[in-house]
Every structure is written in structure tokens, then in C-alpha cells.
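Between the sequences and the hints, there should be enough to build the whole structure, so can you do that?
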Amino acid sequence: MADSWLVVFDCDGVLVDSERLNVRTWTGMMRDAGVDFTEADAVETFVGKAYKDNRVTLAELTGAVPDPEWEKVWRAEFHRSQEELEPIPGAAEAVAAVEELGCAVCVASGSLMTAIGTKLVRTGLDGLFPEHARFSAEQVEHGKPAPDVFLLAAEQMGFDPQRCIVVEDSLAGIEAAVAAGMPVVGYRSDMTPAGWLDEASAVIDDMADLPSVVSRLAALG
706 MADSWLVVFD CDGVLVDSER LNVRTWTGMM RDAGVDFTEA DAVETFVGKA
756 YKDNRVTLAE LTGAVPDPEW EKVWRAEFHR SQEELEPIPG AAEAVAAVEE
806 LGCAVCVASG SLMTAIGTKL VRTGLDGLFP EHARFSAEQV EHGKPAPDVF
856 LLAAEQMGFD PQRCIVVEDS LAGIEAAVAA GMPVVGYRSD MTPAGWLDEA
906 SAVIDDMADL PSVVSRLAAL G
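Take the position in the sequence shown, starting the count at 1, then add 705; the result is the number in the numbering used here.
Since the hints were derived computationally from the structure, they do not count as laboratory data. Nothing here was measured: the structure is a model prediction, and the numbers come from that model. No residue lacks a Cβ here, since even glycine has one placed at the ideal position from N, Cα and C. What you were told as hints is all true, and nothing was included just to trick you.
Using C-beta positions, here's what the derived DEER-type ranges look like: (1) 860 / 819: 18 to 24 Å; (2) 846 / 786: 26 to 32 Å; (3) 904 / 783: 25 to 31 Å.
Next comes the structure, spelled out in C-alpha cells:
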């Protein structure tokens, strides 16, 4: 039923449970810079966006370009926190089930390519996404909410954008998928702010539901 479709997975918050780790680090980073900042602020401000774009936001909020040595310390904290990474429950099984439907799969993320690889390896998901099926915002001019990384994934994987289904957890990612002309499944967690997934074609709370939703969206397409 889903032959000739590509399912594009976001990485953070969809495949790997990294968003809460990133939020913790961004919150500490902002507070260390003297900004009154909560974890809820970090979710709204930074989640789902490329580091290069978040770095611009950081400078705007602090009123200064980050000191290289200070930023180096916090970049190291981002890397250290990855030791705590775990896969999203049911993600591996969902990816495998989607492939059994006849879909191709890839990952398209705002993370750096090296970070994508590290996260997939640490969570045991690297075997599901070979290197040719990994796409990073660093490969395109504009990160999410621009559609660039999703359009790159479609082009490189050989699919028309209208034959791609995106799986996303963030507002920026949902907006990017919509801008790319791709139906999008919103994955909702206990961190998802109200309204973030309103533009999604479908919303799931459990990865076990993804294969049936993909089948339905593919049939509609």
C-alpha cells in the first residue's frame, strides 16, 4: 500500500529522547549568561531548530556574540549529555514496521551530521539509517522552519516531495514539512506545548501507531 513513499524522520525527540537533555543544557547556558530563563522558555525558543540558528538567537537574547571559550565549555556539555541518550520508546520497531510497508526511510535533522551519527550509534538506531539516508541542516542554507532539509532529503533519496511523509515533534519541524508540501505526523510527548502540532496531518502519542497512520496517509495520497 505504501510503495514508492519516503518516510522522513526527525532525529531529536522522534528517534532519540534528546530534547529534554538539550533543554536542560540550553537552560543552564542561558542562566549562566545572566538571562532569566526557564526550561519552558528553552522548549519554545530552541527545540527543533538548527544549532547555527539557535546560536543567533542566543546572541540576540544575551546581547552579545558568545565568547568562544565560554561557548566551547557549553558545547562540551551538550556532547557530555549525549551519554544519557536513550531511544524514543518503540522508535526502532516503528521504523522497521514502516519499511515492511514498502516505504523507504531517512532521517532529516537540525543537528550537525556528526551529532546525528553519534546519537544514532548511542541509541542503537544507526543500522536503520545508513549514511546516505542521513540529512543535516548544515547541508542547506536555511534550517527548520524552512523546508530546505526535507526537500534535500526528498531529492537525494529520489522522491517527489508529495510522496514523502515526515515524522516530527517540534513546531519548527511541522512548519518545515508543511512548507515542503509533505504530509506530516506529529509525535506528541509530555514536553509538547499546546498548539505545536495543530498543523500536522495526524498526531500520535505512541510510536506503535505510526505504521497504521503512514498507511492511511499514503492511501489518501
